[in-house]
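Can you make the complete structure from the sequences, with help from the hints?
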Amino acid sequence: MAVKNKENKLIVSVSPHVRDGESVGRIMWSVNLALLPAFIMAVYYFGPRAVYVTGLSILAAVLTEHFFQKGIGRPSTIHDGSAVLTGLLLGLNLPASVPFYIPIAGSFFVITIVKMLFGGLGYNVFNPALMGRAFLLITWPKAMTIWYEPTAKFVGMDATTTATPLGVLKEEGLPKLIQMFGDKSDMYLGMLSGNTAGSLGETSALALLVGALFLMARRYITWHIPVSFLGTVALFAWVFGGEGFFNGDPLIHVLSGGLFLGAFFMATDYVTCPTVRKGQIIFGIGCGAITMLIRLWGGFPEGVMFAVLLMNCFAPLIDRSVKPELFGAVKEQKQ
1 MAVKNKENKL IVSVSPHVRD GESVGRIMWS VNLALLPAFI MAVYYFGPRA VYVTGLSILA
61 AVLTEHFFQK GIGRPSTIHD GSAVLTGLLL GLNLPASVPF YIPIAGSFFV ITIVKMLFGG
121 LGYNVFNPAL MGRAFLLITW PKAMTIWYEP TAKFVGMDAT TTATPLGVLK EEGLPKLIQM
181 FGDKSDMYLG MLSGNTAGSL GETSALALLV GALFLMARRY ITWHIPVSFL GTVALFAWVF
241 GGEGFFNGDP LIHVLSGGLF LGAFFMATDY VTCPTVRKGQ IIFGIGCGAI TMLIRLWGGF
301 PEGVMFAVLL MNCFAPLIDR SVKPELFGAV KEQKQ
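Letter 30 of the sequence shown, counting from 1, is numbered 30 in our numbering, and no numbers are missing.
Treat the hints with caution; some may be incorrect.
What the hints assert, rightly or not - As a list, the in silico DMTMM-like pairs of lysine to aspartate or glutamate whose alpha-carbon atoms are at most 20 Å apart:
1. K170 - D80
2. K278 - D319
3. K184 - E149
4. K176 - D186
5. K70 - D80
6. K278 - D249
7. K184 - D80
8. K184 - E171
9. K142 - D186
10. K184 - D249
11. K176 - D80
12. K170 - E243
13. K176 - E149
14. K184 - E172
15. K170 - D183
16. K184 - E243
If you're looking for bench data, these hints aren't it; they were derived computationally from the structure. Note that the coordinates shown come from a computational prediction; the quantities given were computed from them, not determined experimentally.
In structure tokens, the structure reads:
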């Protein structure tokens, strides 16, 4: 966009030049709203512990950002909803069993180190919530791998610990996993609805899909990263996930673990993913491939967190590699 000022100087602003009514705050609060179905299902299945864990995470994130900005003499930006979103996403990445200090420490680390020391919103290199989970997993590995059974059908009873579906699949195989649910149809239904052990926000694929469709309808995210991410996971699971080749069950890997949360709400983070559509597809394929490499042959039953963080490193390189040609540009002829 070129305009002339009073001194008759031509000022060219940086692209993009299209303006609309959207703002950072509106987008952030819309994503918070899109995560509400997943949070409600977490409360339904894990009870007051879900409110406790996510509440501490959000409160710690908001307070940390507010006092950090006040401490360096900047106006507080907690009203834009980004700190709430970071705390909510981190809380949904935690088990219901964690002690109180884990969501507090995770939010403090995420806001201070991952976000604010890199320059604040829009400057972070890695997805903040996933970096928070990685930090907590390294620091308190035992507390971060204790999983409660869903308590919706056990009202008034003490929570019992169990393994996640991916953990059972990796350690004991598919027959044991099916036996845990009763039969295959119950297994798929349990994974789809969220009636499984796991982190607060990675259990109900259906609730996450509802929120994702809302974001797509608002055009805050597109299909490029989620579809390429999910499709790559399904392909790897089918080809390599069973006895021999082309005998795997893609639905198990697509519906279980943190795949929906990662594909729709983590990998699509504006700041840490490529901006070019072709690059987003490459990014999603890379996330899916790394996820399945870890799930099938790595030391952890889940690989979404590591996959997204690793691909965050390559996002700038991917953008530079697939950037479109400038309209009207003419290549200089070498003499």
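Going through the hints against the structure:
1. Simply put, K170 and D80 have alpha-carbon atoms about 41 Å apart, too far for the 20 Å limit, and the pair is violated.
2. With a CA separation close to 9 Å, the supplied pair K278 and D319 stays within the 20 Å bound.
3. With a C-alpha separation of about 19 Å, the suggested pair K184 and E149 falls inside the 20 Å cut-off, and the hint holds.
4. Taking the CA atoms of K176 and D186, the gap is near 14 Å; set against the 20 Å cutoff, the hint holds.
5. Taking the CA atoms of K70 and D80, the gap is about 16 Å. The hint holds against a cut of 20 Å.
6. Between K278 and D249, the direct Cα distance comes to roughly 28 Å. Violation of the 20 Å bound is thereby established for this hinted pair.
7. Distance restraint check for K184 and D80: the Cα-Cα separation of roughly 44 Å exceeds the 20 Å cut-off, and the hinted pair is therefore not satisfied.
8. Proximity of K184 to E171 is assessed by CA-CA distance (about 18 Å); at most 20 Å being required, the pair is judged to hold.
9. Taken as a hint, the K142 and D186 pair is broken in the structure, with Cα atoms around 30 Å apart against an allowance of 20 Å.
10. Between the alpha carbons of K184 and D249 the distance comes to roughly 11 Å, so the proposed pair stays at or under 20 Å and holds.
11. Restraint check for K176 and D80: not satisfied, since their Cα atoms lie roughly 46 Å apart, outside the 20 Å limit.
12. With a C-alpha separation of about 13 Å, the suggested pairing of K170 with E243 holds against the 20 Å cut-off.
13. Restraint check for K176 and E149: the C-alpha separation of about 17 Å stays at or below 20 Å, so the hint holds.
14. A C-alpha spacing of about 16 Å is found between K184 and E172, which places the hinted pair at or below 20 Å, so the restraint holds.
15. Taking the CA atoms of K170 and D183, the gap is about 18 Å. The hint holds against a cut of 20 Å.
16. As the CA atoms of K184 and E243 are separated by approximately 17 Å, the hinted pair is consistent with the 20 Å bound.
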